[in-house]
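Participant: Just need the whole structure built from these sequences, with the hints factored in.
Residue numbers (the numbering used here), protein chains in the order written: chain A, 1 to 167; chain B, 168 to 365.
Think of the hints as simulated: they come from the structure by calculation, not from any bench. C-beta atoms are modelled at their ideal positions from N, C-alpha and C, and glycine is treated no differently. Please note that a few of the clues may not be correct.
Chain A residues, not near chain B, derived (Cβ > 12 angstroms throughout) [claimed, not checked]: (1) 51; (2) 82; (3) 98; (4) 109; (5) 134; (6) 150; (7) 153.
Distance condition first, Cα-Cα at most 27 angstroms in a straight line; then the derived DSSO-like pairs of lysine-lysine [what the hints assert, rightly or not]: (8) 277/B <-> 96/A; (9) 287/B <-> 277/B; (10) 96/A <-> 287/B; (11) 304/B <-> 84/A; (12) 96/A <-> 291/B; (13) 287/B <-> 362/B; (14) 342/B <-> 96/A.
Reference listing, derived: stretches of chain A covered by chain B, where coverage requires no fewer than 3 residues with Cβ under 8 angstroms from a Cβ of chain B [to be verified]: (15) 55–67; (16) 84–90; (17) 99–105.
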Amino acid sequence: MRHQNFARLACFRRGMKSRLAAFAGLLAMAVLTISAAAVAESLATLRGNAIKQEASAPMMGKQVNTDLRPVRNYPEQPPTIPHKTRGYAINLQANKCLSCHSRRGVGRSQAPMVSVTHFMDRDGQILSAVTPRRYFCNQCHVPQLDARTMVDNDFIDAEALPKAKGK
Amino acid sequence: MGILSRSLMLLRLLNRPSGHFSLAFLTFGGFIAGVMFWGAFNTALEVTNTETFCISCHEMRNNVYQELRQTIHYSNRSGVRATCPDCHVPHNWTDKIARKMAATKEVWGKIFGTISTREKFQNKRLDLAMHEWARFKANDSLECRNCHEYAYMDITLQSPRAADHHERLLANGEKTCIDCHKGIAHELPDMSGVKGWN
Numbered sequence: 001m002r003h004q005n006f007a008r009l010a011c012f013r014r015g016m017k018s019r020l021a022a023f024a025g026l027l028a029m030a031v032l033t034i035s036a037a038a039v040a041e042s043l044a045t046l047r048g049n050a051i052k053q054e055a056s057a058p059m060m061g062k063q064v065n066t067d068l069r070p071v072r073n074y075p076e077q078p079p080t081i082p083h084k085t086r087g088y089a090i091n092l093q094a095n096k097c098l099s100c101h102s103r104r105g106v107g108r109s110q111a112p113m114v115s116v117t118h119f120m121d122r123d124g125q126i127l128s129a130v131t132p133r134r135y136f137c138n139q140c141h142v143p144q145l146d147a148r149t150m151v152d153n154d155f156i157d158a159e160a161l162p163k164a165k166g167k
Numbered sequence: 168m169g170i171l172s173r174s175l176m177l178l179r180l181l182n183r184p185s186g187h188f189s190l191a192f193l194t195f196g197g198f199i200a201g202v203m204f205w206g207a208f209n210t211a212l213e214v215t216n217t218e219t220f221c222i223s224c225h226e227m228r229n230n231v232y233q234e235l236r237q238t239i240h241y242s243n244r245s246g247v248r249a250t251c252p253d254c255h256v257p258h259n260w261t262d263k264i265a266r267k268m269a270a271t272k273e274v275w276g277k278i279f280g281t282i283s284t285r286e287k288f289q290n291k292r293l294d295l296a297m298h299e300w301a302r303f304k305a306n307d308s309l310e311c312r313n314c315h316e317y318a319y320m321d322i323t324l325q326s327p328r329a330a331d332h333h334e335r336l337l338a339n340g341e342k343t344c345i346d347c348h349k350g351i352a353h354e355l356p357d358m359s360g361v362k363g364w365n
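Facilitator: Below is the structure:
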């Protein structure tokens, strides 16, 4: 009898536990939903529309075309391209960039020469021309748009980093 | 009767005054026939000078025309566009006729399928491009200048790079448009070994 009672009690407890867990789960879901709704109201997403809708394309930005050499954010940064590159061919047949930026091209164009690292093969051996692994310029170098940033950028320049840390 | 005596007879016939037609008929008839001939000739010439005519052949429609459609000479903010003959046929009459006569070679190419497939076209692309570059170089990029003349360029509105190049190289005639602006309307051939591309 006692054993039976114990068994029933255990059973009741188990049931209670699972019910409690389910209740807690429901509560958590409700809270989450409410808070998510609140966040959705306050936070403007980058998408700007419901997830099922096709987003309208953002306005086409103007490409920076100043020809002024941009400051690099850190020494190893591939410099960005300060001019338009519409229709520039970079393929097996031709490389429009190199027609100005190659070693011999700079004489005609007075453009900066591609850095000597681009002439190195993977063993550090300097070749006479740009190596195949550095041939596709716009893998690293890209033109810039004169556009507002969508989110704030908190990048800190290396020079300013110690000062920023001390604050 | 030999060919010689026959042609002699024809010559004599042409040399004789007409016995059947009046002078007025021959004069005015000749004039009207001339006008009609000239009109027909010019109309036919102009028909061959349209983009519709150019891309009626698959060689042009599937290759160079498709490439042109991606470029600024086909689609741009102001909606002014260049059609095939704007760049590839001189506008001046004598030059145009000379180009048209040279273009009979293209009829030959069409008949014998010189560039009838994409592969054949790609293999011949450098040759074809070289011809066009040479033509532009020889006439000082005349077809470019029909729209883009240095005298009317406002250098101050150009990017510093463009302004520098145009002032330094174009103004004194050291270079002409095509020397730098290759591949602006079509894909480029293999440029290894082409001057200015090394």
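Participant: Going through the numbered hints above, which ones does this structure break? Give me the numbers in ascending order.
Facilitator: The structure breaks hints 2, 3, 4 and 8; every other hint is satisfied.
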